[in-house]
Every structure is written in C-alpha cells, then in structure tokens.
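Enquirer: Here are the chains, one letter per residue:
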Amino acid sequence: MKKLALVVSAICLSVSAVAASDEPVAARKALMDANAASAGLAGAMMKGDLAYNPAIAKAALLTLNASAKTFGSFFPEGSQEGDTTASPKIWEDAAGFQAALDKYMADTSAAVAAAGRDGPADLDAFKAAVGPVLGNCRSCHENFRVQQN
Amino acid sequence: MRKKLLVATLAVFLGGGVVFWTLSAPASIEAGALPDTTDAARGEQIFWAGGCASCHAKPGSDGAERLALGGGLELKTEFGTFVAPNISSDPEDGIGAWSDADFANAMLHGVSPRGEHYYPAFPYPSYARMTTQDVGDLFAFMKTLPAIEGTALGHQLSFPFTLRRGIGLWKQLYMQEEPVVTLATDASDPVKRGQYLVEGPGHCGECHTPRSFTGGQDYGQWLAGAVAAEGDGVVPNITPGEGGLDSWSASDIAYYLESGFTPDFDSVGGAMVSVQKNMAELSKDDRDAIAAYLKSVPARPNGYPASR
Chain A
1 MKKLALVVSA ICLSVSAVAA SDEPVAARKA LMDANAASAG LAGAMMKGDL AYNPAIAKAA
61 LLTLNASAKT FGSFFPEGSQ EGDTTASPKI WEDAAGFQAA LDKYMADTSA AVAAAGRDGP
121 ADLDAFKAAV GPVLGNCRSC HENFRVQQN
Chain B
1 MRKKLLVATL AVFLGGGVVF WTLSAPASIE AGALPDTTDA ARGEQIFWAG GCASCHAKPG
61 SDGAERLALG GGLELKTEFG TFVAPNISSD PEDGIGAWSD ADFANAMLHG VSPRGEHYYP
121 AFPYPSYARM TTQDVGDLFA FMKTLPAIEG TALGHQLSFP FTLRRGIGLW KQLYMQEEPV
181 VTLATDASDP VKRGQYLVEG PGHCGECHTP RSFTGGQDYG QWLAGAVAAE GDGVVPNITP
241 GEGGLDSWSA SDIAYYLESG FTPDFDSVGG AMVSVQKNMA ELSKDDRDAI AAYLKSVPAR
301 PNGYPASR
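Residue numbers (full-length UniProt numbering), protein chains in the order written: chain A, 1 to 149; chain B, 1 to 308.
Hints are not guaranteed to be accurate.
Reference excerpt, derived from the structure (chain A facing chain B, CB under 7 Å, subset only) [said to hold, decoys possible]:
#1 ALA36
#2 GLY40
#3 CYS137
#4 GLU142
#5 GLN147
For the record, the hints were derived by calculation from the structure and aren't laboratory data.
By construction, the Cβ of each residue, glycine as well, lies at the ideal position given by its N, Cα and C atoms.
For reference, chain B alone in the conformation it holds in the complex (with noise of 0.2 Å):
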C-alpha cells in the first residue's frame, strides 16, 4: 500500500514536472515570420515609440545622451531590484551580435538568445503586439547607436522569482497577442493606430493599469492608473474615467505628450518626465492618435486607494 502511494505520488509529481516543463517552455518566433527588408529611418519613430532610451539610457540624460543604451536604470519593485542591461550595438556587451531572430525573440516572446525567459520587467507583454515589421526596422535603428562597454550589473532578486523557469507559466496567465480593448467596428484610423502605438510599443498599461498579486496586469481595470512601483506616488489614471482625463480634450493630451504641460499648466513628474521626452520625438499625427485612443478606451475609476 505503501509503494503504491509512493508511486502515485511520484507519477504525480513527475507529471506535474512534465506539465510545468511544457508549458514553461520558451517559445520562439516561426521560420519566415521576420521581414524581408529593414528601415533603420522608420526604426528611429518605433524607438521613441517603445520608449527603450528610458530604461537602457543613463537615468537624466538628455539629448544624444539617451542614445548611449549601456542600461544600469535599477527598479525596486516587491520582487527585487531588476536592473536595466546594456543594449547598445557593443557586439561583446551589448547586443550587436544577435541576429534578427534574436531580436524579434526578445521583443515578441519575452526570450533571450540562450532561450531563458526575460522578466517580464522587460515589457514584452505589450511588445508582443507590435507588428514583425516593427521590431525588424527598430533593431536596424538599435545597430546605428554607439557601443557602449560595460556590463551593468544584475538583478538582485529573492527565492523564487530567481528562477527563470516559472516565467513561462506566468506568461500563460497573461500574454495575450489580441489588443485590450475590443474597439467599435466603425473606430477611425487615429483611434485604430493609437490603440497600436499604447498597447503595443508605447506599452503605457504597464504602468498605467494596477497589477494583481502575480505581477500580472488587471486588464479589467485597464489605464485605470496605479500605485507607482517606486516610491510613495500614483500613476494617474488616464481613462476617460473621474479623477481621470474627462477634463482633458484630446488636444490636451496632443499638448501635454508635446510639451509636458497639464491644462493647468502643471508639469510632467517623476518617470512620466523620460516618456515625454519619448512622445515629443513623435509624429504629431502619432500623438494625436494616441489622444484619440485614450479618448474612446472605457473610462473606469481610479486604479489606487484614495488615500493616495
């Protein structure tokens, strides 16, 4: 009788082993999914878009500065500290010797070249949206900035998320390629491109909508804004939501992802600052796309406490 429970208690563990292993497992991008030609020009807007100068550039930088991708930005977060690697085209520390594959596998899937997953600090979730065409033009972009030497150093987190691994199952929970809000079949063009440029390269929800315990994002409270995961502050809620922007017009939006002006002429704050300087780099019909989106997203209550 004995054996026998050992036994089933074994099978069950193995597999569960097999079951963790499968759906645990790296996935990569299919063979004839990449584009067939690259624009390192349009690769320029798709950075600025993906906001990669705000996490991989020296924290403060300005101007050319924020082309100079060696990482080092830490974040503190209730898992650990992750912090930002280098991304510049150094072929040794950087990532100018990966391949096309290597990239979009990165981007799209959230998986390094050895085949380990990333942490999802790393927002692929919402990368995973962008389009093949995209991530190829952005990573011609990437290879025409500097190398930078210099390894930054390496997240400093504890047991268990210092296994890889379980990544994977996470990623069943919350990947999801479909967009996050179904729009009306009639949406404008605007509407339709700034839903693209929020939910996908522009990855504002992952900021912007409250996370569950996992870490994952509550899509039912989507941009409903968030206790910041640094420090004592909000993340504003920027549905047309109250406490959100039901005051703001689109073109204040436009103005303030221009300028970093409120309509009350407040300012841009905190880690919001490095992102408008991203959206100022922008087309201004992207911008107004982006306003347009976040006009017609349902408006929702704010995502914190209110004692914050």
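The following block holds chain A by itself, in its conformation from the complex (with noise of 0.2 Å):
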C-alpha cells in the first residue's frame, strides 16, 4: 500500500511540477511521460499483471485528466524547433488539433466523473471508463506526431 501512495504522489507531483515550467517542449514531455505512466498503470490493471484497485484506477484518470487541461498551454508559436516530434500540423492545423485536445478533456472528464470519489468499483467498470480515454493516444498521434512508432 504504501508502495501504491508513492506511485500516486509521483504521477500528481510530475503534472504540478509541469504548470511551473516555461520550456513548452520540456513541459509537454513531462506531462506525456505522466500520461504514459498512467496508461502503464491502466494497462496493467487490463492485462492482469497488476491486481485492480480502485484507488489506483482513479489516480490513473485523474492524472490524464489533468494532463488533457493543461497540454494544450505548451504549443506556443516557433515551440515546433528543437528537440520534438510535434508535427508540424500541430500548427498549420490549428483547428483540428484543437478539436483533439476538446475530445481529449471530454474524455478524461467523463472518465473522471464515471470513477466517482472512491474509483471504478471494478475492473470492467474501469475498462469502460478508460478505454474511449486512452482511444486519444492514437487517433492525436496518427496526426499531429511525427511517425516513429
């Protein structure tokens, strides 16, 4: 358990250390490596490797929720240079990778709303939650990143 809080406080202190900074490409990795972090933890939840917990579960939610209201700060104009793989569409498409982030926050919104104080009660609760959430990891990168993977 108590394994768990660190988990926990670590993922909640990377976002509020992110707010802080005033490197948007340094600024939106941290908040991506939170992102994965919290699908990791979903994920593992899903596959099994990891024993469901609510607790957990609704952390994960909360912390790419977080994330899903404050990315979009960290795109300023030029923020395309450097060491990136923001696609350049980030800003030619302004629109469209507006309307990514909007169904990014309504997603994690719900979600959030869905997991309610004490967190999805099961795991298919949680599943039902987290999966349109994490639907955004792909459809925003098939898009606005420079392929890699």
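Two chains, two frames, a set of hints: combine them into the complex.
Expert: Right, dumping it as structure tokens:
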C-alpha cells in the first residue's frame, strides 16, 4: 500500500512541476511521460499484471484529466523547433489540433465523473471508463506527431 | 558506311525495343489456378491482414466507415502523388464488375483488367506471395461490402513515371514469389504462419524495409526500418537488431498489435495507427504468429540515417 501511495504521489507531483515550467517542449514531454505512466498502470491492471485497485485507477484517470486540461498550453508558436516529435500539422491545422484536445478533455472528464469518489468499482467499470480515453492517444498521434512508432 | 551505321543503330534500337516490350509485358494468372470455391467469412480475416482499409477507406475512418472503400487517400512520394482508387463493390466506379481472374491478376501480378501495369504503390509485390485461395476468399468478402459511388482523382506523377509499361521491367527486378527470409528447417508453425502474414498480405516490408533509388525494396535490409515515405519521420526497425525490437518480447509485440501500446506505454502513431486497427481485428493466434516471426528474422541495424 505504501508503494501505491508513492506511485500516485509521484504522478501528481510530475503534473504540478510541469505547470511551473516555462520551457514548453520539456513541459509537454513531462506531461506525456505522466500520461504514459498512467496508461501503463491502466494497461497493467487490464492485462492482469497488476491486481485491480480502485484508488490506482482513480489516480490514473485524474492524472490523464489534469494533463488533458493543461497540455494544449505548451504549443506556442516557435516551439515546433528543437528536440521534439510534435508534427508541424499542430500549427498548420490549429483548429484540428484544438478539436483533438477538446475531445481528449471531454473524454477524460467523463471518465473522472464515472470514477466517482472511490474510483471505478471493478475492472469492467474501469475498462469502460478508460477505454475511450486511451483511444485519444493513437488518434492524436496519428495526425499530430512525426512518425516514429 | 553511314547507311550501315544507321541500319545498325536502328537494329539495336528496334532490338532493344523488342526486348523491352517482351520483358515488360503484363503477366496474367494461368487458367485453372483460381480456387473452385470461396468463403467470404474467411475473406474478412484476409481483408484485415491485407490492410485494404488503410488506403482505400477514407483517411481517419473508424468502425463501419472502414468498410466503405471509395478510395481517395493520397500517398505523396518522390515519384509524385499516388491516389488510392475506389475498390468498393460499385460496378461502375469500383470493382464490382470484375471477374475472379481480374481480381487475382491485380493482386498477384499487379495487372489491371485492361492489361496495364499498376504502380507498386499498390503493394502487389507482397500480395504476390499470397495463396490463390486467400485472394479468392478476399474478393468474395469484398463483394459483400457497400457500393460507393464516385471515382478518386488520378495519380499526379511526373515523366517518365507516367509511362506504365516501364513498370514491367521494375517487376522483373523486384517481384519474387519466394519468401524473403529462409527459415530454419525446424521453424515452428506459428513462425511459418507469421512469415506468410508479414511477407504476404500484411505487406509490412513495403514501409519497414528501405528502398533503393528505383523504389525497389532492399531485401538485404529486410524490416530494418526506413525513412517515412511522407513527412519527416521514420518507420521503425522491427528486426531484433539494436534500435529495433531487441528489448521487446514476443508478447510485447502481440500486445502492441492488439492495443496500440508499446512496452513503455507510448502509443502507436502516424500511418501505423490505421495498420494497428487492422491488426486488432486478427485472431490472437495470428498476432502471436506475427510476433514469433518478427523475433526470428535476421537482426539488422537501423535502416535509416542516425540523424532521423
């Protein structure tokens, strides 16, 4: 249980540290790392590698939601340069990118609402909540990230 | 003397022309090679393995939209822009009026019903390794899909790539029905099945293997990764070599094909998103087979420059 608390607070910390950053590329990478950690927890529970725990599930959903709400702030004009795999399409098709962000925010908010105070009651409830959220990863990376995997 | 030279030149020219015309002639399927019966239900699995929807359905499609094969996807390459045609069951604008032999010639020989070569943007060099039964079943399934009206725009290519006959020579150089990888004699059934899926219908090498300047696959760097045909990215190395899938287990590969997540829970991106949606429709056994084959191919260093 102590381990779990550590994992959860590490995820939350990485999110708040990002908000203070004024380096947009570093900030959005940190947010994506937090997303990957949350998706990793979700995936481990769905695969059965990690026993289902509603508190972990809730922490993962809250992290994804917090990241969804802030992620779009770290793409100022000019931040397509440097060590980034952000696609130029983010700036060329700003409306399309905003639509993808809006969908991501809506889906994570709905998942957090469904999770309730104690987190999704069981694995099936969690799968139903997190499934639409995880679908955002590939749909956004399909169009707005430079091809790499 | 001058006359002789002229005659000789003409002879060489004509001779060359005859050789060119003979070598570049479109091939077609032999009578009797078509299967006696076909199974549309089985064909659905071939459809997903073959990735037809990724180019012939509207880009970004999901769910049932992926069965609407009106074409229109543009592939921007150094040779020009190729546009995926309508291959829906519409008899006028699609391929609904094709015979079984027409379809088999397209898939296995890259030749149209009018006897013209298709451009290899249509991955028939891979499809040529498919069985005629799978090709027949696939066509039976595609006939059950919706008819979509309207034709896509034509390809926009520059000279000399506008001359289709030359593709016949290209086929002589790059089309081979035999397998790319020589498997160990004691290779398991899943590895053999995976080889068929990857080298044949899955046409993985079309993007994951680097190409020579003439656009043919460099089989010496099979699946080593390549500069993406579009944009600034790379198509990753999927051999067990360094920078490739060296740290991935077979179950990591199968899970990625099913879920779209890497072992680090990064997600699939770019053109692979649509491919992964296809792979998710396959049976677990087939995804496991692909993974088993990918773990068994020769390890190669990355097939793209380190600067990418």
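Enquirer: Honestly, which of those hints from before does the structure not fit?
Expert: As far as the earlier hints go, not one is violated by this structure.
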